[in-house]
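Just so you know, the sequences run in chain order A and B. Each number in my numbering corresponds to the 1-based position in the first sequence with 3 added. Each number in my numbering corresponds to the 1-based position in the second sequence with 2 added.
The set of hints was computed from the structure by calculation and includes no laboratory data. Where a beta carbon is used, it is the ideal one built from N, C-alpha and C, also for glycine. The reader is advised that the hints may include incorrect statements.
As the list claims (entries may be wrong) - Example chain B residues on the side facing chain A (calculated, C-beta under 10 Å, incomplete):
1) 19
2) 231
3) 233
4) 283
Unchecked claim - Covered stretches of chain A (chain B as the covering partner; in silico rule of three or more C-beta atoms under 8 Å from a C-beta of chain B):
5) 17 to 25
6) 115 to 127
What follows is each chain in one-letter form.
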Amino acid sequence: MMNVSIDLLINALVAGVLLGGFYAAVTIGVSISFGILDIVNIAHPAFIILGSYIAYILNARLGIDPIVASLIMLPAFYGLGGLVYQIYHAAFERHGQESLRGLAFFFGLLFITEVVLILGFGVDYRYVTASYIGPSLHWGVVDLPLRMLVPCLVSLALFIALQAFLSGTFIGRAIMAVAQDQLALQLMACSPRQIKRIAFAISIATTSIAGALLIVIQPVEPSIGREYIGRVFAICVLGGLGSLPGMLIGAMLVGIVESLTSTFYGPSWAPAVAFGFLLITLALRPAGLLGR
Amino acid sequence: MGFRVFLLICVVLAAGVFGMARFIGNDYAFFAGYVVLQFIVMAQAWNILGGYTGYVNFGSAAFFALGAYTAVFFHKFHPLPIPLLMGLGGVVSGLAGLGMGYLALRLRGAFFAIATLALAVVLQTLVVNWNYVGGSRGAYVIRPESAWLIGNYVHYLFLLMLALAVLAIVTARTIERSRLGYGFAAIRDDELAAEAAGVPTLRLKLIATTLSGAFMGMAGAPFPYYIGYVQPTAAFGLDYAVNAIAMPMIGGTGTWIGPLVGAILVASLQQWATVTISSELSLLVVGFLLVGFVIVAPGGIVGLVGRYLPASRGGRKSKRADAP
Numbered sequence: 004m005m006n007v008s009i010d011l012l013i014n015a016l017v018a019g020v021l022l023g024g025f026y027a028a029v030t031i032g033v034s035i036s037f038g039i040l041d042i043v044n045i046a047h048p049a050f051i052i053l054g055s056y057i058a059y060i061l062n063a064r065l066g067i068d069p070i071v072a073s074l075i076m077l078p079a080f081y082g083l084g085g086l087v088y089q090i091y092h093a094a095f096e097r098h099g100q101e102s103l104r105g106l107a108f109f110f111g112l113l114f115i116t117e118v119v120l121i122l123g124f125g126v127d128y129r130y131v132t133a134s135y136i137g138p139s140l141h142w143g144v145v146d147l148p149l150r151m152l153v154p155c156l157v158s159l160a161l162f163i164a165l166q167a168f169l170s171g172t173f174i175g176r177a178i179m180a181v182a183q184d185q186l187a188l189q190l191m192a193c194s195p196r197q198i199k200r201i202a203f204a205i206s207i208a209t210t211s212i213a214g215a216l217l218i219v220i221q222p223v224e225p226s227i228g229r230e231y232i233g234r235v236f237a238i239c240v241l242g243g244l245g246s247l248p249g250m251l252i253g254a255m256l257v258g259i260v261e262s263l264t265s266t267f268y269g270p271s272w273a274p275a276v277a278f279g280f281l282l283i284t285l286a287l288r289p290a291g292l293l294g295r
Numbered sequence: 003m004g005f006r007v008f009l010l011i012c013v014v015l016a017a018g019v020f021g022m023a024r025f026i027g028n029d030y031a032f033f034a035g036y037v038v039l040q041f042i043v044m045a046q047a048w049n050i051l052g053g054y055t056g057y058v059n060f061g062s063a064a065f066f067a068l069g070a071y072t073a074v075f076f077h078k079f080h081p082l083p084i085p086l087l088m089g090l091g092g093v094v095s096g097l098a099g100l101g102m103g104y105l106a107l108r109l110r111g112a113f114f115a116i117a118t119l120a121l122a123v124v125l126q127t128l129v130v131n132w133n134y135v136g137g138s139r140g141a142y143v144i145r146p147e148s149a150w151l152i153g154n155y156v157h158y159l160f161l162l163m164l165a166l167a168v169l170a171i172v173t174a175r176t177i178e179r180s181r182l183g184y185g186f187a188a189i190r191d192d193e194l195a196a197e198a199a200g201v202p203t204l205r206l207k208l209i210a211t212t213l214s215g216a217f218m219g220m221a222g223a224p225f226p227y228y229i230g231y232v233q234p235t236a237a238f239g240l241d242y243a244v245n246a247i248a249m250p251m252i253g254g255t256g257t258w259i260g261p262l263v264g265a266i267l268v269a270s271l272q273q274w275a276t277v278t279i280s281s282e283l284s285l286l287v288v289g290f291l292l293v294g295f296v297i298v299a300p301g302g303i304v305g306l307v308g309r310y311l312p313a314s315r316g317g318r319k320s321k322r323a324d325a326p
C-alpha cells in the first residue's frame with residue numbers, strides 16, 4: 004500500500020514537472036507582453052487556441068506534424084502580433100489611456116476569437132495525430148508519456164532560445180531596456196514603439212508553438228482558453244514580472260501543485276490551485292519570486 | 003431634477019412598460035424583456051465599480067452566478083418568495099464584493115482585473131464541487147405555475163426585474179450626484195491625489211465593490227426560476243462578463259445613462275439576432291461592437307451624442323481645454 008502511494012507521488016511529481024514545462028511555453032508570451040511591455044494582453048490564451056486550431060487544420064488536411072506546422076506558421080503569428088500592436092498603440096497607448104479601454108479591447112479580442120472558432124468548428128473537441136502521441140517511456144516506476152515529454156522539451160528549447168535572444172542580441176537587450184527607460188532607448192537611436200512592436204509580435208508568435216503543444220497534450224475546444232487566462236497570469240505574477248527565469252520556476256511550481264492536487268483530490272479541484280496561488284501571491288508578495 | 007421627481011418618472015415609465023407588455027400580451031415579449039432588464043441591472047452594477055471608480059471587473063459572471071446559486075440553495079433547502087431570494091442573493095454577492103474590495107486594497111489597475119478573473123474561477127470551482135446545489139451536473143428549478151395577483155409567473159419575474167432595474171438606475175444616479183460619486187470620480191482620475199486630498203479611498207472602494215456585487219447578485223437570484231435549469235458553465239459563462247463590460251462601454255461609462263442606453267441597445271440587438279440568425283453570431287456582434295467602440299468612440303454612444311449635439315458642447319469644450 005505504502006509503495007503504491009509513493010509510486011503515485013513520484014509519478015504525480017514527474018507529471019507536474021512535465022506539465023510545468025508546458026505551462027512555461029504558454030506563459031512565456033505573457034511574460035514578454037505583460038511582464039516587460041506592460042500590455043495586459045488577456046487575449047493571449049485565445050491566440051494559443053487559434054494556434055491549436057491552425058496546427059489541427061494543417062495536421063488533419065496535409066498530415067503535417069503539429070509542432071512542425073506551428074514552426075511554419077510562426078511568421079504569420081508574428082505578423083498578426085505586429086498588427087494587433089499597431090492597433091493597440093494607435094488607439095490606446097499613444098493617448099496614455101491604455102488601462103481600462105485597453106483591457107476591454109483585449110477582452111473583446113478574446114471573445115471574438117472564441118466565437119469565431121465556435122462558428123467555424125463547433126464546440127467538438129479536436130485532436131491531432133503524431134507518432135509521439137500514445138507511447139510512453141518507462142523508467143523504473145516512473146512513466147514518461149511522450150505526449151507530455153515532447154511538449155515539455157520543445158517548451159524548454161523555446162525558453163532557452165528566447166532567453167538567449169533577450170540577453171544576447173541588440174534587439175533583445177533593447178526590449179529589456181524599453182521596460183526600464185524609454186528615453187534612454189531613444190537616445191541610443193532606437194524607436195521604443197518599433198522595439199515594442201517587435202517584442203509584442205514575438206509574444207504572439209510564441210502562441211503558435213504553445214497552441215500546437217496544447218493540442219498535442221489534450222484535445223482542444225474553443226472555450227478551453229479561459230482556463231488558461233488566470234493560469235498564465237498567475238504564473239507570470241508568481242515568478243515576478245519581467246523575469247523569464249522566475250516565470251519558469253513559477254510554471255514548474257504551478258504544474259507540480261496542480262498535478263498533486265488532481266492526483267490526490269481529483270481533477271475538478273485543479274483549476275482553483277493556480278488561482279489560489281495568484282490570490283496569495285498578489286496579497287503577500289506582489290513583486291513575485293524573482294520580481295524586478 | 004430632484005431625486006423624488008426622477009424616481010417618480012422612473013416608476014411611471016416602468017409602469018408604462020409593464021402595462022404595454024401586458025397589453026401586447028405576447029409571452030415572448032416578457033421572456034426577451036426580462037433578459038434586457040437583467041442586463042440593465044448588470045450594466046449599472048458594473049458601471050458603479052468600473053465606470054465610476056475605474057476598477058475593471060472581469061468576474062461579473064461570478065457575482066451573477068452567486069446570486070443564482072443562492073436561489074438554488076434555498077430552493078432545495080426551504081423555498082422562499084423570490085423578492086426575499088433577491089435580497090439574499092444581493093447579500094451573498096455583496097459580501098463577495100466586499101471581499102473583492104479588500105483585494106482592491108493592494109491591487110491597482112490590471113492586477114485588480116486579473117484578480118477578479120481569478121476569483122471567478124475559484125468560485126466556479128467551489129460550486130462545481132458542491133454537490134448540494136447540483137455540482138457540475140447542474141440543478142433543476144421548477145417554477146410555480148402562477149403568481150399571486152399577476153397570474154403568469156414569467157410576468158411576475160419580469161415585474162420584479164423591472165423594479166430592480168429602476169432601483170439600480172435610481173441608485174446609480176443618486177451616487178453620481180452625491181459626495182460618494184465625487185469620491186469615486188476622484189479615485190478614477192487619480193487615486194494617489196485623492197488619497198492625499200483626504201478622500202477615504204479605501205472605504206469608498208469597499209462601498210463600490212459591495213454595491214456593484216450586490217446588484218449583480220440580485221440580478222442573478224431570479225435567474226434559476228426564469229431559466230429552469232442552472233449549470234455552472236452557463237451561470238459563470240463568459241457571456242455575462244463580456245456583456246456586463248460591453249454594455250457600459252458601448253453606451254458610455256461614468257454616467258447612469260450610458261449603461262442604460264448600452265444595455266437596452268445591445269441586449270435588444272442580441273435578442274433579435276438570437277432569434278433571426280443564431281445565438282453565437284449575436285455574441286460575435288457584441289464582441290465586435292465592444293472592440294469597435296473602445297477603439298473609435300471612447301465615450302460610447304453618450305460621448306458621441308455629446309460631441310455632435312450643440313447643447314452640451316460648451317461643457318465638453320471646457321473639459322478639453324484642461325486636458326494636456
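* Asked: Going back to the hint list, which numbers does this structure go against?
  -> 1, 2, 3 and 5
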